[in-house]
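**Q** Here is what each chain is made of, one letter per residue.
Protein chains: 2
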Amino acid sequence: MSTVVVGTMAFDSLETPFGKADRIVGGAATYIGLAASYLADDIQMVSVVGEDFPEAFMDDLKSRGIKLDGVEQKKGEKSFYWSGKYRNDMNTRDTLDTQLNVLADFKPNVPADYRNADFLMLGNLTPAVQMSVIEQMTTRPKLVVLDTMNFWMEIALEDLKKVLKKVDVVTINDEEARILSGEYSLVKAAKKILSMGPEYLIIKKGEHGALLFNSEEVFFAPALPLEEVFDPTGAGDTFAGGFIGFLAASKDISFENMKCAIIYGSALASFCVEKFGTERLQNLTKKEIDNRIQQFIDLTQVEIKF
Amino acid sequence: MSTVVVGTMAFDSLETPFGKADRIVGGAATYIGLAASYLADDIQMVSVVGEDFPEAFMDDLKSRGIKLDGVEQKKGEKSFYWSGKYRNDMNTRDTLDTQLNVLADFKPNVPADYRNADFLMLGNLTPAVQMSVIEQMTTRPKLVVLDTMNFWMEIALEDLKKVLKKVDVVTINDEEARILSGEYSLVKAAKKILSMGPEYLIIKKGEHGALLFNSEEVFFAPALPLEEVFDPTGAGDTFAGGFIGFLAASKDISFENMKCAIIYGSALASFCVEKFGTERLQNLTKKEIDNRIQQFIDLTQVEIKF
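Going down the list, the protein sequences come from chains P and V.
Every letter in the first sequence is one number past the one before it in this note's numbering, and letter 306, counting from 1, is 306.
Every letter in the second sequence is one number past the one before it in this note's numbering, and letter 273, counting from 1, is 273.
So here's chain P without its partners, still in its complex pose (with noise of 0.2 angstroms):
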């Protein structure tokens, strides 16, 4: 099965209590495409990067069996860039700067062999690319999986609802979900997203884990306790890509199997925060993943008596 990532890459300059990190590779496209190449092949990125996006990072990627044909690289541009820093608790960050440079004018291509791809994982973007990448597909894919962000709901609210209709997972925070259906109850406000057109709704409640609803069954899926958290950075992105990855690799698209996926992309988003940046899940083996899915399974593992 092959799966097409659309998002950014990017340069990130980061600050949390624990150290400073200037000028990373960061970007959603980049976390998701390196979280998916741990469970999924065929992993085909879309994305656009400036002249200054290191070649050994490509390189990496490529060496992963990730396709880039769909990563333009802008001669003379610069890459998106953003500079953020985590206070304390860790959950709430400041933005102190944002360079779109390449990202200004990003009109995605989605390459022809790319164009009947079985997933689709579209990372946050405007909406209006996240559409024009949905149009771009020869076949409607199996499964279209969106990520996006409160700032498209403050700024590009309409383009937006156009997208969910078009989408079969929606992945959100809990301020995001709360935002976007005006329901402080999630399971409210999980009803209210999925009459706007997707037919499975992921609330990631980064710490405190992560919920799967359809409008049938809900799936509770927890944060695996960390003695360390170093970066957050990436972990939402990480997750999908986990999550995308799994399903891809299972070409099981039922709730039973999502509920796996989104374990997995827990298990990939808990090695992420370890780490500045991408470093740990560059560096990743299939039995350190098996282990932590195994922690995930006993954390939870009860046997009920009556």
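It cannot be assumed that every hint is accurate.
[Unchecked claim] Which stretches of chain V does chain P cover? Using the computed rule of at least three CB atoms under 8 angstroms from a CB of chain P, they are:
1. 179 to 188
2. 199 to 212
3. 217 to 231
4. 258 to 268
5. 289 to 299
Honestly, the hints are just simulated from the structure, not real lab data.
Heads up, the beta-carbon is just placed ideally off N, CA and C, and yes, glycines get one too.
Given chain P, work out where chain V should sit, using these hints.
**A** Okay, now just chain V, sitting in the frame of chain P:
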């Protein structure tokens, strides 16, 4: 197995985004006792009330088999009174008024026939008062569970530390775990708190579930996503009551069985918040509880394919 429950019995005036309730019966021991009485026999309460405390409520507790010999009623005095208002997120509340009344010089007197109880649940009270109850027990109970709060960490930390050495299980919320330990990571916080005396720590995270730690293991119990949360008052006490009630009924204080006990505590707490005050807890059936337990199991049930 007999269980001694120590704590307040009080009047609460509450305001939530969904309505108001004026001078309804509340208090830690009330919620703990009610919850525990659904699961265990021989609940023995220790508390103090004023002449104003409603006889009908006492009769209701007695009709559930709860023993009230240790509840002192002071003639001519008033019961403890608390008034608070919840903010829109229902997670934060502001205290509007506190009138200690009979609680000001509460010196619990544990009746002679309670002093060999198997289980002791110390609801949130001044640590020195909690200690005096422990000291009155003739034989050391099989399990002593202590609930406390940030207030005592601020004004009676040394007393609290002394009590911590005498108990087996501590239940606090995540913010309190961070204050008591000085650690942000809950894993590190748990290690520090367990080094202060207790063998088990339960961190209550409200709508985000609960964590159980001992020195070797960790268990995560989810909270059920609810359509409506009318009034969170007493949810933590109800959780504690369900927890100790299940342990007392099953006569098993292993880590494995504590996991089940946490699910029962969480299930009872999920009922508690559905109506104002103790109302929902006074009108539960075994079938409703069993169904809810099944919902908790289904919520995290997943079969992972490696």
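**Q** Looking at the structure, which of the earlier hints fail to hold?
**A** none
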